[in-house]
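Please model the complete structure; the sequences and the hints are all you need to start from.
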Amino acid sequence: MTPRQRLWAFLAGMAGLAAFYLWGLAGLPGLGNYPGPYGFIINQIAVRQTNATGVVSAVNFEYRGFDTVGEEFILFVAATGVATVLRHLRGERDRPPRDEAADRRVPDTSEAVRMTALILTGPILLMGWYLASHAQTSPSGGFQGGVVLATGFILVYLAGLFLAFERISPVDITDAVEAVGAGGFAAIGISAVVMGLAFLTNFLPLGITPGAVSSSGTIALISFFVGVEVAAAFILIVSELLDQTLLIRQESR
Amino acid sequence: MQVFPFVVVAWILGVGLYGIVTSRHLVHQIICLIVVQSSTYVLLLGVGYVTGAIAPYFFDVPVHTPAVDPVVQALALTDVVVEAAVTALLLAFAVQAHKRFGTLDPQELVQLRG
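Line order of the protein sequences matches chains A and B.
Be aware that the first sequence starts at 0, since it is given in numbering that gives the first Met the number 0, and climbs by one per residue.
Be aware that the second sequence starts at 0, since it is given in numbering that gives the first Met the number 0, and climbs by one per residue.
Since the hints were derived computationally from the structure, they do not count as laboratory data.
Treat the hints with caution; some may be incorrect.
Said to hold, decoys possible - Covered by chain A, according to a simulated footprint, are these stretches of chain B (three or more residues, beta-carbon under 8 angstroms):
1. 17–31
2. 36–50
3. 78–90
Stated by the list, open to error - Computed beta-carbon distance windows for the label pairs:
4. A/P204 to B/P65: 24 to 32 angstroms
5. A/F198 to B/F3: 54 to 62 angstroms
6. A/G23 to B/Q106: 26 to 34 angstroms
7. A/H87 to B/D104: 20 to 28 angstroms
What the hints assert, rightly or not - According to the in silico footprint, chain B covers these stretches of chain A (three or more CB under 8 angstroms from chain B):
8. 124–131
9. 231–244
The C-beta atom is built at its ideal place from N, Cα and C for all residues, glycine as well.
Written out as structure tokens, the structure is:
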């Protein structure tokens, strides 16, 4: 198919899509007139039922908890998939990072970038921890916090310290941490089954003050495990991709 | 304007799809896929929006204050996570395709296989 034919096929498809989109849009109640009732009902009962003031987290880790287990395992499987796809192929070997052109010196990472990255690492790790542990209160949770936590590690690489990045996040340990995060979520769900409740029933005490760190029972605990899993998954994915560019080379080409 | 967010959805979806179809580089194509998926965030949040309502967080706010639909917001979160997972996998495939075929142009890749 030539590019021109492809473009015409695309335009024909887009015309059909536009027709269906407009048809669907005509049936919507219009912006701002959300008809409910599910969103309104959950907004009314979630704080009373779970003692979590962040209703989105309550939906994710309580009402739709079963879906979120699947969602977390999508990320888990993706990280495993990246590691599998980027495994050492036949004829590939590790080699230490070195300059490609021997006659040209690669400039070091500038002091400004290095200082900024190193200064930011601590606060970003703290921020990630704060987000991962406050799902029940505010617009945060394990997914957001985990990504921010991973960013803290990746900043070390950005500071020009690739070997330090490899040292603080060895693949074996990152793998194990990821498995603990993913397994922890499932284990909380199964603990409820062992107690004779339904899978992922909120069996922990809900605390007294809505939105306090100690409130909301399993929501806070699940969010913590999700944060650990997401952080490990992202560190794993990034370090696999970095290994490709920096370490692994083909024998002959 | 009542339909503005839905126009934005159509625009983001359209430019993303156009990019995928005309792309000459796999990484560019993957980024176009991210753009396509971004349109779903706008759509989800637009569907659950309630005029004059607050975000569904009731910290320091009376519980009966009208709030937007939290279910679509949770779905948008799922959407973001799936997008990150899909992007990571696709980038890994792009790395291997470059190693195997020495090119990242989707149109040349088709010819090589044929």
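Exercise for the section: Could you check the structure against the hints above and give me the numbers of any it violates, in ascending order? Expected result: 5, 8
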